[in-house]
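Those protein sequences? They're chains D and U, same order as listed. The letter at position 272 of the first sequence is residue 272 when you use the working numbering, and the numbering goes up by one with no holes. The letter at position 369 of the second sequence is residue 369 when you use the working numbering, and the numbering goes up by one with no holes.
Because the hints were derived from the structure by calculation, they are not lab data. The beta-carbon is built from N, C-alpha and C at its ideal position, and this holds for glycine as well. Don't take every hint at face value.
Unchecked claim - Covered by chain U, according to a simulated footprint, are these stretches of chain D (three or more residues, beta-carbon under 8 Å): (1) 174-185; (2) 284-293; (3) 429-435.
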Amino acid sequence: MYRGPFGRRQAERLLWRAGFGPRKGEAEALARLGLDGAVQALTRPGPERLVGPPPRDRRGNSLAPTDASGHDHAWWLDRMVRTSRPLVERMTLVWHDWFATSNVGVGSQRFMLAQNGLLRRHALGSFESLLLELTRDPAMLVWLSGNRSEETAPNENYARELMELFTLGAGKGYTERDVREQARALTGWRSDFRQGVGWVDFRYDPARHDAGFKRVFGRRGRFDWKDACRLCLEHPAHPEFLVRKLWSYFVPEPPAGDTRRGLERLYRAGGRRIRPLLEAILRHPALHEGPRMTKPPVVVTAGLLRTLGTGVRTEAWAERDALSGQRLFYPPSVAGWDEEAWLDTATFRGRWNGVAAALAPRISRPGASEPVQAPALVRRARAFLGDPTLTSATTGALTRFAARALADADTPARRRARTASVENALRLLIAASPDFQTC
Amino acid sequence: MSSPRSCCDEFARAAALRAAVPGSGLPAVEAGMPLPAGTGLDRRSFLLRSIGAAVAVYGATAVPWRLLDEGVAAAASSAQNRVLVSIFLEGGIDSISVLFPGSDPLYRRLRPRLALAPDTGTAFAEDPRLRWHPAAGGLSALHAEGRVATLPAVGYTRSDQSHFTSRHFYEVGATSAELRTGWLGRYLDRVGSPDNPLQGLSLGGTLSPALAAARVPVAAIESADEYTFQAPGVEAAMLGRLREALAELARAPTTDPALRRARAVAGQSEALRGALVPFAADRADPGSASYPESRDPFPRRLASLASMLAAGLPIRCVALSAPGQYDTHNDQPTALDRGLRLTSDSLLAFQRDLEARGVADRVLTLVWSEFGRRAQENASRGTDHGAAGIGFLIGSRVRGQLIGEYPGLAGLDENGNLRPTSDFRGLYAAILEQWLETEAGAIIPAAGAFARPSILR
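The following block holds chain U by itself, in its conformation from the complex:
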C-alpha cells in the first residue's frame, strides 16, 4: 500500500484481511461481507524442483509431494495450452482517468482540479473524444499496434460500492456473496489435472481468490529467482568450476547411508540450480532487457513468468496484482500516475518479451479493477467509489477494438457514476469460449444471460 495513505478504511481492512493466510487466524469478516474465494483451503509449502522455488500449494491434501513434481513434469510434456494472465488493478480505476475525455466541457466541470490538459497524452484512435493518460504510454503503443481491446465501461448493474464485495464478484465471476471458488478455479477444476499445481499460478505470496479451485491443486510463488547459492570471495569466472566440483563431490559412491543421502541431495541441489538459470529474471537476458527498473516486484514477476512460459512449464492461468493502489480518495494524480506508469510500461515489456521468445500467440492478458470512480471529484483532490471501471485484453491474438462504447459523462447513473456498457460476466464467458475453448455455461452462473463480445482477431 502506498504511503501516505490515501485509500479508505474499508480498502485498508479488505487488504489486511486478504493478506492473512487463508484458514489460519483470519480477522473477523464483518456481517454481510463475503469470504474471499479459497478461504480455508489447505495450504502447504514445498520446493518444486521443476522451478526451483518454494511454492505454496493449495488444495492438494491427498497428493504426496513427490507426485506433484511428477505431475508437473508429465503436464509439461503434453501439448502447450493457451494461457490467461489476470492482472488486478487494486482499488478501483476507470476510463475517466486512463482514457480521459480531454475536450469535454463536462469533464472540466466535474473534475476542475484533476482534469488533464486537452493536449496531454496521446489520441485514442477508436474514439476521438478520448485520450490516453500520459502515464499509459505503454498501453497506447500496444493499442496502436492493434494488440489491445479496451473495455471503457465494464461492470454490472447496481454496482456494489464495497471494495471487498465488488472484488469478490469479479473473482468468483458472479454477483454472489456465497460462491467460494474463483472463476478461473472452476475452469481449472474442469480442465486441469489433479497433480499439477502450476496450472493455476499466483505470482505473489498468497493465493489469488480468482484461482481458488475446488478439486485440483493451484499454487502461489513469490519469485523463481530465489534459489541462489552464495560464494563470497570467489570470482565470477570460477563459479562454473565450483559447481563442477560440487557435482563431482556429490557423485562419489559410498556405502554409508547418511553420506549417500547427503551426496544425493547435494547433487540434486546443484542440478536444480542449473535448471533454474533460465527462470531467474536476468537483466543481461535480451528477452527481459526492456522491463522497467523498480523496487516493486511486478516487472520482475512478469519477466519470470515470460521465461517460465517459454520454458514450457504447464501453466494455464496466472493471477497477480499490478503495482499501485488505485483507491485514490486523496491526491489522485500522484498515486495514479506512479502506479499506472509502472503497470503500463511493464505490460509493454512483457508483450515484447513474449514476442521475442516466440510464445506471444499462446498468451492473453486480462487487466481489471473492482469498480470505477465517481465522476465528480471530491474535496481532497481525489475521487470516491464509482461503478463501471476500465478493463483491457492484451495479446497478439486479440481483436484490438473497443468492447462496449465509452458512455460519456452526460448520462451518469443516479449516483453520478459511469454506467456499464459491457458486463464482466459476458467478458469472462467470451474468454472461456473463444480463448480457452470451454463451455462458459459450466463455469459462469447464468452465462447465457450475457452477451459475448468478439475478442480474438
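Isolated chain D, as found in the complex:
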C-alpha cells in the first residue's frame, strides 16, 4: 500500500495507467479524493455516462462501428474518449490484448464487436466467467478453430493457447499430451458456413463432442469444455501466471515475491475476481514510485482527444494508430501486442503524426495570440494540453526553443506574426515528447 503523498502528479499517473489520462481538471479532482477514494472512483465508477460530442466520420456523418472499414476502431476509440468509466474501458483493452483475437482471422466486425461487449461486461468481474464466456464466443471459436473441432478430428489450436497464453504460460505445468486431451474435451462447438454470409448458427452439438475419458494434468474424467477451463483455473500454476500478467499491464517491473504471493492469495480467496486485485495493484507503491511505462498508442490518442475535448471526428484514427503500431481489433497475433516494441523509428513517426493530427483542428492562427516572452508561451502551450507533468530538462529545451524561434524574427511585428507558430510548435513538441509518451 502506497503511503506517500497523493497529489495532482500522482493522480495524473494513475489516470494514465488505469485509464486514458486526465481531462482538464480531472487530475486535481481525483487528487482531492485521496488515494483510496481515487482508486475506488476508478474500480467502482457507477453507470457509464458518455461525455462530449458523439463520433463522426470525416464527412460529418454519425459513425457506427460496423458500417465501414476503420469505423470499429474509431467507435471504440470514441468510447475510450467519452467514457466516465476509464478503468472499465482500459481493462477491456487489457483483455483484448490478453485474449488477442484479430479480425484478420475472424472476418466479421459483428463478431468482433460482440466479443468486445463481452470483454467490457466482464472487465472487472470474475476471470472464470470471462474465460468460460470467451471459450464459446463466436469470434474466438472462429479465430482459434473451436468451431471446427470435433470428436473425429479434435483441433488443438484453442487447447494450446488456453494454457500457453490465457491461463498458465508457455511450458508451465502442462505437456503435449495435456494439449491433445484438452482438445478432445473442448470438442462439440460448431457453426455452419453459409456462402456469401459467413459463419452462422453457433451452437453446442453433443454429437460432435468426444464424451470419452480424458487424462488432463494427471486427473481423469469425461471432461467437457467447462471442465477444460476449470482444470486450467484450478492448476497450481494459474494464480501466479494471472497475477504476473495482470500486474504487467500497470507496473513495468515484475512484482516482488511477497507482493505477488499476497495478490495470489487475494485472487484465490476472492473467487477469481479481478476488481480486488486491481484495487491492490493501483494502490501499490510500485505503481506510484516506480519507473515509467510507455503509453500504448491508442491510449495516447484517446488521452489527447480527452484533454482537447474535440472528440473523434474522423475514421482516419484507424490508419493513424495503425502507423503507431496499434490497430484495435487487429492485434498482430494471438499473443497480442508486443509492449517491448511500442517505440521504434517507424512508430515514433506514427505517434508524432498522430499528435499533429489531434492538434490540427485547434491550431492557433497568426494574430490570435498576444506576443509574450518564451516562458509564458511554454506555460500557455502546457495549459492548452491540460498541464501535463514534464521533466525540467524538457521544460528547459522548450523554453530555449521558444526563445530562439522568437529571436529569429528581427522586428516586433515579425515576432508577433510568429507567436502562433511558436505556440503550435510547442504544443506538438510537448505532446510528442518522450515525457508525454511515457507516464
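Assemble chain U onto chain D, guided by the hints.
Leaving out everything else, chain U in the frame of chain D:
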C-alpha cells in the same frame, strides 16, 4: 490498369495474380501456367534506417533485422558497383508501334486505321524505313545522342502467346515454366551479400519476379519520400528550430529505462528524417526538375532512385514497371500514346538526372516487354498478341546501335507476327558478361547457345 479496360482477360487475371502477396492467399494458378518466380518467398517488412522507408524484405528469414541495416551500411562503404535498371512495359509492345515503318505500303494495308501519317514523329537515323512514334520524343532525343541501343525485334522462337507465360520466361531468363528464381536474382545469388537487401530493389509495392533470389535477400520499396513529420500551423522557416528542439529533448539524460528508450527513439527518428532529405524527390532539386508531372508514381520513383544511387546506397539491380498498359486490344492509339509519352519523357529525365549527379557511367537501363503485337490490326482499333517485341538499352556507356535488324513486314511468321532478330537470352548474357562482368553460363541456362550482341561503347 487503365480504364476503360482494353486489355484481355488473361492479362487482367495475370495482373491480379501477381498483385497478390506471394505466399499468402494466391488465387489458383490455372493448369499449365507457371508460378511467378519468388512465389512463396518469406516476406517481412521493416523500416530500413539507411533509407528511412518501410521496406519489404524477401528471403532473409535467418538474418536479424538490425544486421540488415548493418549489412546495408557495410555494403555502402565498399566500392561502387555497376547498376542495372530493368523497366517492364507491361502488356506487349513492339516496333511496329514505337518505330513505325511510315512509308511501307504493307504497314498501311495491315494497319489501315492505326497507321501513323508518314511525316509524324522523328526519323530513325539508323534505318531509313523507320520513324519514332511522336510520343517517344524522349527516346528519340537520347538515341540521337548515341545513348540508346534499340532491339527492334527481340524475342525467342515459337513465342508463347500467354502474357503470364511469356513474361515469366523473360523474368527467369529461360523458356522454362519450372524455374522459380529470376535471372537477376540468380546473378545476385552469385555476387550479392547475405545481409544487404538493397542489392536487389523493386520500386513498387511488391517483389519483381526477375529479382527473386534463392540465397540472398532482396527488397521492395514503395517510395523513399514517405517518412515525413507533420507540423500543422508551424511556419516553414521555423521547422529547423523545431527539429533542433526535438533533438535536444531526445538528448536529455535520464535514469528511467522507459524514458531513456523513448528519448533514444525520438533522437533516432529525427536523425533518420535528416538523412532522408536527399532521397525525397524534391521538386526544387535541380537534379529532378525535368521529370514529368504525373499522378503515376513512375517519374517520382526514377527521381528517388537517382538520388539513392547518387547517395551511394549499395544497389545492384533495380526493377520497376513503366506506366501504361500495352495490352492494347481496343483503341490502341489512346492507351499507347499516354503510356509511351510518360515513359519516354521520364527516361529522358532520369538519364539527365544521372548525368547531373555524376553517376550516369554506373547505370545501364534495360526496357523490355513480354512480346509484340499482331501486325494486322483487329476490328476494335487494337492489336492482338504477337511475337517479337521491342527493347532498349539506355545509358552513357551504351553502344548506341541497333541490336538485330528490323525484320520488316514482308516476312512475318506463320501467325502474322514479327520474327525475332535477336534473342532475349543472348541480350541477358551480353548484359551479364559485358556490363556486370559475370560469367553468363552460371546464370542463363544454355547460355552458350545464344549469340551475344556487343552492347557497350
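Outcome of the hint check:
no. : hint    : in the structure
1   : 174-185 : violated (count 0)
2   : 284-293 : holds (count 3)
3   : 429-435 : holds (count 5)
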